[in-house]
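Student: Residue numbers (the working numbering), protein chains in the order written: chain A, 1 to 321; chain F, 1 to 214.
Treat the hints with care, as some may be off.
[Stated by the list, open to error] Sample of chain A residues facing chain F (criterion: CB under 8 Å; computed from the structure):
hint, residue
1, Glu-136
2, Ala-137
3, Thr-154
4, Arg-157
5, Gln-160
6, Ala-198
7, Val-203
8, Gln-223
9, Gln-230
I should point out that these hints are in silico values taken from the structure, not numbers from a laboratory. Predicted model only: the values in this text are computed from it and were never measured. In this text, a Cβ means the ideal position worked out from N, Cα and C, and glycines have one as well.
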Amino acid sequence: MSILKTSFTRRRSLALGATAVAVALAAAGCGGDGGSAPALPGNPGLGGDGVVAQSVYDAAPVATDADIPAGSTMDAIRKRGYLTVGGSLDAPLLSQQNPVTGTIEGFDADMAKLLAKYITGKPEVKTTTIGTQTREAMLQAKSVDVVFQTYTITPQRATQIAFAGPYLTSGLAVAVRKDDTTIKSVKDLAGKTVIVGANTPAVTALPSAAPGSKQVAFGTDPQAVQALLQNRGEAYVQDFTLLASNAKANPGMKVVGEPFTTESYGIGLNRDDAQFKEFINNWLKKIQADGTWAKVWEGTLGSVVEGGAPTPPALGSADGS
Amino acid sequence: MDALTAHLSELGHGLVTTVELTVVTTVGAMLLGIIVATLRIAPVPLLRAIGTAYVEVLQNLPLLALLVLFVFALPTIGISFPLFTSAAIVIAAYEGAYLAEAIRAGINTVGVGQAEAARAIGLTFGQSLRHVILPQGLRAVIQPIGNICIALLMNTSLAAAVGVVELTQAANNVNLLEAQPIAVFTGAGLAYMLLALIIGQVTGLLERRLAIVR
Numbered sequence: 001m002s003i004l005k006t007s008f009t010r011r012r013s014l015a016l017g018a019t020a021v022a023v024a025l026a027a028a029g030c031g032g033d034g035g036s037a038p039a040l041p042g043n044p045g046l047g048g049d050g051v052v053a054q055s056v057y058d059a060a061p062v063a064t065d066a067d068i069p070a071g072s073t074m075d076a077i078r079k080r081g082y083l084t085v086g087g088s089l090d091a092p093l094l095s096q097q098n099p100v101t102g103t104i105e106g107f108d109a110d111m112a113k114l115l116a117k118y119i120t121g122k123p124e125v126k127t128t129t130i131g132t133q134t135r136e137a138m139l140q141a142k143s144v145d146v147v148f149q150t151y152t153i154t155p156q157r158a159t160q161i162a163f164a165g166p167y168l169t170s171g172l173a174v175a176v177r178k179d180d181t182t183i184k185s186v187k188d189l190a191g192k193t194v195i196v197g198a199n200t201p202a203v204t205a206l207p208s209a210a211p212g213s214k215q216v217a218f219g220t221d222p223q224a225v226q227a228l229l230q231n232r233g234e235a236y237v238q239d240f241t242l243l244a245s246n247a248k249a250n251p252g253m254k255v256v257g258e259p260f261t262t263e264s265y266g267i268g269l270n271r272d273d274a275q276f277k278e279f280i281n282n283w284l285k286k287i288q289a290d291g292t293w294a295k296v297w298e299g300t301l302g303s304v305v306e307g308g309a310p311t312p313p314a315l316g317s318a319d320g321s
Numbered sequence: 001m002d003a004l005t006a007h008l009s010e011l012g013h014g015l016v017t018t019v020e021l022t023v024v025t026t027v028g029a030m031l032l033g034i035i036v037a038t039l040r041i042a043p044v045p046l047l048r049a050i051g052t053a054y055v056e057v058l059q060n061l062p063l064l065a066l067l068v069l070f071v072f073a074l075p076t077i078g079i080s081f082p083l084f085t086s087a088a089i090v091i092a093a094y095e096g097a098y099l100a101e102a103i104r105a106g107i108n109t110v111g112v113g114q115a116e117a118a119r120a121i122g123l124t125f126g127q128s129l130r131h132v133i134l135p136q137g138l139r140a141v142i143q144p145i146g147n148i149c150i151a152l153l154m155n156t157s158l159a160a161a162v163g164v165v166e167l168t169q170a171a172n173n174v175n176l177l178e179a180q181p182i183a184v185f186t187g188a189g190l191a192y193m194l195l196a197l198i199i200g201q202v203t204g205l206l207e208r209r210l211a212i213v214r
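Make a model of the complete structure from these sequences and hints.
Tutor: What follows is the structure, given as structure tokens:
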């Protein structure tokens, strides 16, 4: 896999670009226009390999000078030449550093690079790894321009910072061990010991979704999966995309039921800069309309979730955005 | 400030767990430290080698790595402890290595003449250790032992990474809800500081009461 991926990434500009053009042509030929599954030959159902094609970047929009008034945050970023992003390096399919190439891959990472391209003309970002505890403080101190980190929009957080978007919706789902037949949905978790990721929305969502459940929190996703397989809890509650990817890699676990919450992820911004927020919302509108959003989704999350790219969430639809 | 006052019970539970973990591991680490220090000064070469190996292995591995190994690797060979117990065992074993070195330093301050005199009046190795060497050696290193206990208190926060809801994890959970990192972690930090101050005060008191003025 890694060998394949290395050669793939090295020749990304050529081979992948050509493939993606072919795919785009094929999709156009089929009359599919966003929302349909990519017609990758030899890879039915699931498209992509977790890497977004160079052609997506090449075709991505760049802001006109009229969009960027002098003295604005965008102007400062354009003069600097790169975007500073707060994110993760360890979130598979969302924002994970490829140990071979050193580039950060995934939906969040690619969205950040596309935003950088929109502002500066080239996908240059400087990613700062930040913990979920410090995101608000980092934005308030303007240590980063934006935060792309599956940042769930909540009214409490919206009193500290501003959210552009939502740019992605997801939900929490339940995973159990393969041989478990007693747990069919989140309701069956009442009174059970449930593994959660520390500092994830599951910590706050579980008490109401499964009253009386006991939580055991682990720092990272691989630890939580290991804990589930080692019987430290009856189930693991996490974002369903992440669980789907875990279940694909670990035959010992399975995802049961449908997602039981709706998490709206927003782009974290400094609260005092309404102009920047409006600018980013306009960018989101553009990339959703021209199909870039769907291509990024298919290249990353689409590699584990079946059924093609969903409809992007409506801007401002979450309480706090 | 509301973020803190609205969640006093969660933070309080975390604080209690931190105190429990600190007390349990301090007791365990002290016992281990005395045993390992004794091994390192034992007349039998094999015992000395065991003591040295213990100290070198545990001092030279990061505590977080030890915790993760103990919690996730042992179950693969069929040994599984509850999470709190796991964290307590690992932290006690780790801090035990540091305490052993502090105690050994204390033992080295006791004059050779004391040990010779103890043997001359017919005490066995164990008796001379218990009645002559350790009582003097421990009194010489009360302050270093207190410092290691404070380090131990801070290290209990690593138990959060393996699912123990102590003060740090409780603060994380409250922050997740309230999104007030500065208020929440300042509060947790003050609680740690208070606990460390208490340990420092107790150490100072013990030192004034027990230290031998030479």
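Student: Hold the hint about Glu-136(A) up to the distance rule: shortest CB distance to chain F must be less than 8 Å.
Tutor: 5 Å, holds
Student: So, as I understand it, the hint says Gln-223(A) touches chain F; can you test that by seeing if any CB pair is closer than 8 Å?
Tutor: 7 Å, holds
Student: Classify the hint on Val-203(A) as holds or violated, based on whether any CB of chain F lies nearer than 8 Å to its CB.
Tutor: This hint holds: Val-203(A) lies near chain F, its Cβ roughly 5 Å from the closest one there, short of 8 Å.
Student: Per the CB criterion, is Gln-230(A) less than 8 Å away from chain F?
Tutor: 4 Å, holds
Student: Closer than 8 Å between Cβ atoms is the bar; does Thr-154(A) clear it against chain F? Give me holds or violated.
Tutor: Check passed: Cβ of Thr-154(A) comes within 7 Å of chain F, closer than 8 Å.
Student: May I ask you to test the interface hint for Arg-157(A) with respect to chain F, counting a Cβ-Cβ separation under 8 Å as satisfied?
Tutor: At about 4 Å, which falls below the 8 Å cut-off, the nearest Cβ of chain F leaves the hint on Arg-157(A) intact, so it holds.
Student: May I ask you to test the interface hint for Ala-137(A) with respect to chain F, counting a Cβ-Cβ separation under 8 Å as satisfied?
Tutor: 5 Å, holds
Student: Restraint: Ala-198(A) near chain F, CB-CB cut 8 Å. Satisfied or not?
Tutor: 6 Å, holds
Student: Hint check: is the beta carbon of Gln-160(A) less than 8 Å from a beta carbon of chain F?
Tutor: 5 Å, holds
Of the numbered hints listed earlier, not one is contradicted by the structure.
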